[in-house]
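We have chain U; now place chain P onto it with these hints.
Number of protein chains: 2
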Amino acid sequence: MISNKMHQMLKGSSTIREMFEEGKKLATIYGKDNVYDFSLGNPSVNPPTCIGDQICEIVSDTPAMELHGYMNNSGYESTRQAIADFINKEQNTHYDYTNVVMTVGAAGGLNVILKTLLNPMDEVVVFAPYFGEYRNYVHNFDGILVEISPNAPTFVPNLEELASKLTARTKAVIVNSPNNPTGVVYNKDFFEQLASVLTQAQQKFGTSIYLISDEPYREIVYDDSQVAFVPSFYSNSIVGYSYSKSLSLPGERIGYLLIPSECDDFEEIVAACNVANRILGFVNAPSLQQKLVERTLGSYCDLSEYAHNRQILTTELAKMGFEFVYPQGAFYLFIKSPVADDKEFCKVAKEHRVLIVPGSSFGCGGWARLAYCVSSEKVEKALPAFAEIAQHFGLR
Amino acid sequence: MISNKMHQMLKGSSTIREMFEEGKKLATIYGKDNVYDFSLGNPSVNPPTCIGDQICEIVSDTPAMELHGYMNNSGYESTRQAIADFINKEQNTHYDYTNVVMTVGAAGGLNVILKTLLNPMDEVVVFAPYFGEYRNYVHNFDGILVEISPNAPTFVPNLEELASKLTARTKAVIVNSPNNPTGVVYNKDFFEQLASVLTQAQQKFGTSIYLISDEPYREIVYDDSQVAFVPSFYSNSIVGYSYSKSLSLPGERIGYLLIPSECDDFEEIVAACNVANRILGFVNAPSLQQKLVERTLGSYCDLSEYAHNRQILTTELAKMGFEFVYPQGAFYLFIKSPVADDKEFCKVAKEHRVLIVPGSSFGCGGWARLAYCVSSEKVEKALPAFAEIAQHFGLR
Chain U
1 MISNKMHQML KGSSTIREMF EEGKKLATIY GKDNVYDFSL GNPSVNPPTC
51 IGDQICEIVS DTPAMELHGY MNNSGYESTR QAIADFINKE QNTHYDYTNV
101 VMTVGAAGGL NVILKTLLNP MDEVVVFAPY FGEYRNYVHN FDGILVEISP
151 NAPTFVPNLE ELASKLTART KAVIVNSPNN PTGVVYNKDF FEQLASVLTQ
201 AQQKFGTSIY LISDEPYREI VYDDSQVAFV PSFYSNSIVG YSYSKSLSLP
251 GERIGYLLIP SECDDFEEIV AACNVANRIL GFVNAPSLQQ KLVERTLGSY
301 CDLSEYAHNR QILTTELAKM GFEFVYPQGA FYLFIKSPVA DDKEFCKVAK
351 EHRVLIVPGS SFGCGGWARL AYCVSSEKVE KALPAFAEIA QHFGLR
Chain P
1001 MISNKMHQML KGSSTIREMF EEGKKLATIY GKDNVYDFSL GNPSVNPPTC
1051 IGDQICEIVS DTPAMELHGY MNNSGYESTR QAIADFINKE QNTHYDYTNV
1101 VMTVGAAGGL NVILKTLLNP MDEVVVFAPY FGEYRNYVHN FDGILVEISP
1151 NAPTFVPNLE ELASKLTART KAVIVNSPNN PTGVVYNKDF FEQLASVLTQ
1201 AQQKFGTSIY LISDEPYREI VYDDSQVAFV PSFYSNSIVG YSYSKSLSLP
1251 GERIGYLLIP SECDDFEEIV AACNVANRIL GFVNAPSLQQ KLVERTLGSY
1301 CDLSEYAHNR QILTTELAKM GFEFVYPQGA FYLFIKSPVA DDKEFCKVAK
1351 EHRVLIVPGS SFGCGGWARL AYCVSSEKVE KALPAFAEIA QHFGLR
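Chains as they are written, first to last, in our numbering: chain U, 1 to 396; chain P, 1001 to 1396.
Chain U extracted, bound-state conformation (with noise of 0.2 Å):
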């Protein structure tokens, strides 16, 4: 009786989800410490300190019905003023309050934006591999997905592909750097010719294209990686962004669009933004949440552990035979599968209890995913595990 689409999605359902599932499964089984679950982007490293103290103090002086009350939809002016504020100081820029609208999270921000620009079958496009949920967020809308096909081993997308994909009916183009699942980190180059291409296409077909940028991994870079601000090289970009990876707060759904007042129609979008946060049921992000990433902007948590991971992992499964591209930044390792297809690859690795995601979840076959967001001693104790898999596949 449920819906046909939903019926469809449970049979395909979340591969990454359904090894979360399978994980704690597993260690029911063999003991927690006996299985080396590296299937979910769950942040590992513990919330700076600030935050328990934060929420203890806004607790304490703010009123209780300022604080758990209705505010308008798109969040309290003085958080959306504090990060366009915090935004102006890194980047030059001058929002203020108006280009910012707070959201449950990355996932509400997009799920925001693209109710609010999407007509059924208007177009957007994704670079593969990438976040399967894009595929979810965009059907919501009944919009078309759009894959540009992965470009390996760099995974730098294909512009040219790109420019050959947009159409008049193209409304949106996600970009999603520090990238899931790969970890590479497009530069300023990469944007200044996606700028350009995306500018073409608008003249092209006199419409906007606007570039949706994803960005909960914006603070986790390595060897002094900078993060491109995607706005500065086109105007009718959109950032989403999530404080779940920053502040290790991915289940408090706290996040923000920003919305430059250079975008075509920006008046309509914030407005549309606004009904939108209502009308999909979110009506607002969570109100203590709020004050508190206003009151802790700026804080990030150590996130010394994931460069460790990061740092052993690309050591250790090089010398075992493994090929993956050394990520630039997020927490996770893209692995080429050592046989075509990555789902028997990701079974072989379950087999010896590790658990990792097929590239197929993210439009990438052959390839699978590692999320190195776990503790350095599990990565420590995951290596012998590795080495029987490298085994397995004869790899040197």
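Just so you know, nobody snuck in bad clues.
To spell it out: a stretch of chain U is covered by chain P in this simulated footprint if at least three of its residues, at any positions, have a beta carbon under 8 Å from a beta carbon of chain P; those stretches are:
1. 39-51
2. 67-74
3. 100-108
4. 129-139
5. 267-279
6. 286-293
In silico contact screen, one side only, chain U against chain P (beta carbon under 7 Å); selected entries:
7. Met1
8. Ser3
9. Met6
10. Met9
11. Ile55
12. Val59
13. Ala64
14. Thr116
15. Leu118
16. Asn119
17. Ser208
18. Leu249
19. Gly251
20. Asp264
21. Val283
Derived from the structure by calculation, the hints contain no laboratory data.
Please read all numbers here as calculations on a predicted model, not as lab measurements.
Here a beta-carbon is modelled for each residue, glycine too, at the ideal position from N, C-alpha and C.
Positioned in the frame of chain U, the structure of chain P alone reads:
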């Protein structure tokens, strides 16, 4: 460049929210004390003191990674089991955590269950007057909203009209008691008859018709009114609950869906709700708020101010010659417009700095909603303005 649907929405937008914003503007001009804003259902009584205390306790005694991390998309099992236990004790039922899905408020819950159930063109029946957002929620999934006419002056829905409007495409009926905007509480006889009508229609069409009971005002009742437990009357019942009103936490977005095991296709429904929570971008209900409601089950804010306001308003407005539904629950007074055009009534009220919402926003022209979730002092101060409005319309 925004979508056609959102373009239409912006034109219509929410009258209630508009008035909320307008109220803030008037407050800037005349001073907050001189504007009588009865437009929004924003709780006016403080959360119980245990709320602040418990938040700090939870932060101090729960590992941060557990407190702020991802969990199953349906919520923490412990929270869901605690809620099931609480309902079991109150209603003598036998639910467990599998019957409970934690949601981003009742608005999130309704969207999750409608996403789960609706194919495009499926019909969802509502009884006018009804919360205007139902229309948007149903349209989110391309469903058809079918209205049953207002049944003045009792506003207990006309079940003969319901029977005549049920079809093979009816997927759900939404019921809301205590009711927004009328304050009417439907009694057991009503639910028995409703169950009988729905059961007959299910047999006639060979379909399942789900009765979605939206219960954010469950605890707000007067004069020992009893709120029926809907699943005890009809097996295909699904309850949507929110802590927004009972704990005065509307900004925090925390509620749940109760899906009894007796529902047709129970297992598919709960699995689909889990997926819907994820793909609609909620991902999960805010984690800290889940822990909070788990620890404060059975706590309620002091609802006596609402009772007091109800007493003042019903006494004084009756004396002035206003007609209204005598409310048994919620914090709304549904007033008959002294003129046929309820928008004219609300316009005149606004000229006296009284903000109330036209009944046409709830599918019931000729009436208006007064939300008395304000301080009793505000209610007292507004009485002269109401007297002027009565005089304007020549009431006694």
